[in-house]
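Numbering (the numbering used here), first residue to last: 1 to 305.
Keep in mind the hints are simulated off the structure, nothing from the lab. Be careful, since some hints might not be right.
[What the hints assert, rightly or not] Okay, derived cross-link-like pairs now, EDC-like style, lysine to aspartate or glutamate, Cα gap no bigger than 20 Å in a straight line:
#1 K233 - E296
#2 K261 - E271
#3 K274 - E89
#4 K225 - E296
#5 K274 - E34
#6 K261 - D186
#7 K261 - D178
Computed from a predicted structure; not experimentally measured.
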Amino acid sequence: MQNWNLIFGIAIIASPILFSMIAYPDSIAWSWNEGRGGYFFALVFIVAELIGLKIVISKKRLFTVIPMALVTIGYLISLEYGLREYIIESAEQFDVQLIYSWTWMWDFVVMAIFVVAALTIFFGKRWIRIAPAGPIFLTGTAIILSLDAFFPYDTLGPLQYIVPYFVQANVWIITVLDLGTAVAKDNVMFLRGDHGSMALQVFWPSAGVHSIIIFSLVIGAFMLKLNIPRHRKIMYFVLGIIGTITVNLIRIFSLSWYALKVTTDPVAWEEYHKIAGEIMFLPWLFAFILVVILIESRRMKKLEQ
Numbered sequence: 001m002q003n004w005n006l007i008f009g010i011a012i013i014a015s016p017i018l019f020s021m022i023a024y025p026d027s028i029a030w031s032w033n034e035g036r037g038g039y040f041f042a043l044v045f046i047v048a049e050l051i052g053l054k055i056v057i058s059k060k061r062l063f064t065v066i067p068m069a070l071v072t073i074g075y076l077i078s079l080e081y082g083l084r085e086y087i088i089e090s091a092e093q094f095d096v097q098l099i100y101s102w103t104w105m106w107d108f109v110v111m112a113i114f115v116v117a118a119l120t121i122f123f124g125k126r127w128i129r130i131a132p133a134g135p136i137f138l139t140g141t142a143i144i145l146s147l148d149a150f151f152p153y154d155t156l157g158p159l160q161y162i163v164p165y166f167v168q169a170n171v172w173i174i175t176v177l178d179l180g181t182a183v184a185k186d187n188v189m190f191l192r193g194d195h196g197s198m199a200l201q202v203f204w205p206s207a208g209v210h211s212i213i214i215f216s217l218v219i220g221a222f223m224l225k226l227n228i229p230r231h232r233k234i235m236y237f238v239l240g241i242i243g244t245i246t247v248n249l250i251r252i253f254s255l256s257w258y259a260l261k262v263t264t265d266p267v268a269w270e271e272y273h274k275i276a277g278e279i280m281f282l283p284w285l286f287a288f289i290l291v292v293i294l295i296e297s298r299r300m301k302k303l304e305q
């Protein structure tokens with residue numbers, strides 16, 4: 001028997017995200033700091049965690065959340081009628097360095113507040129164990145955008161610290177594979193390949209440090225849901241971090257390969273750079289969670305037998 005109230009609840013939570021995707025498709029860019037692409041992935045997390053639950057949501061709670069969804073949609077509409085300009089102007093008052101990260105940050109703050117409020121009304125404090133991944137993904141993205149807005153490029157030392165090691169590892173791989181000439185100095189790579197020379201300066205977002213933070217938050221929340229021994233949770237967490245670091249190294253390598261073998265045209269390279277990270281990181285995140293679920297499901301079946 002279908003739990004129609006739950007399905008209706010999922011639809012209410014999804015409505016502002018679906019509205020933004022339908023009404024403003026140009027805003028759904030897949031670069032982590034240039035659009036609402038993260039809305040889609042948060043929605044996937046929410047649906048995956050809620051669909052099939054046996055919990056019944058009362059009609060009163062459903063009707064309570066509908067006005068909140070409409071207010072959130074109203075926020076998205078108001079951005080097109082002057083609110084975005086007001087947010088941009090307010091950046092000067094807070095000494096914001098990167099305007100675009102500042103403006104997109106508020107989109108994720110508003111959506112995170114709505115989703116957390118809706119889940120709290122539906123499930124109470126239990127939402128933290130029932131459906132934490134989507135809200136944490138939205139909140140984590142908002143936090144990273146705020147860091148990028150106030151501490152751009154290499155101004156945030158702790159996050160920039162590991163970048164030179166990533167750069168050195170990438171130069172070593174290029175040299176071993178004989179793809180071209182590569183020299184590293186701090187966080188800068190000097191590349192010479194089939195299409196000429198290019199210097200790449202790598203900052204912590206480009207190195208994927210933000211993905212390590214977001215992965216840690218999401219996978220930590222996911223581990224709260226799993227009823228498995230603590231040592232297995234720690235093992236999965238560590239393996240996930242190692243895998244995310246590996247994905248980031250692959251990302252930096254792919255950016256270098258693109259400059260060495262495809263083009264050194266800054267415009268074309270930048271277009272690839274905008275999507276390279278999320279194309280690799282988000283599928284890895286979903287794949288890792290799916291593999292953990294499959295492994296633990298089979299393990300539980302064996303223990304029951």
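Query raised in the report: Which earlier hints turn out false for this structure, listed by number in ascending order?
Result: Those not satisfied are hints 3, 6.
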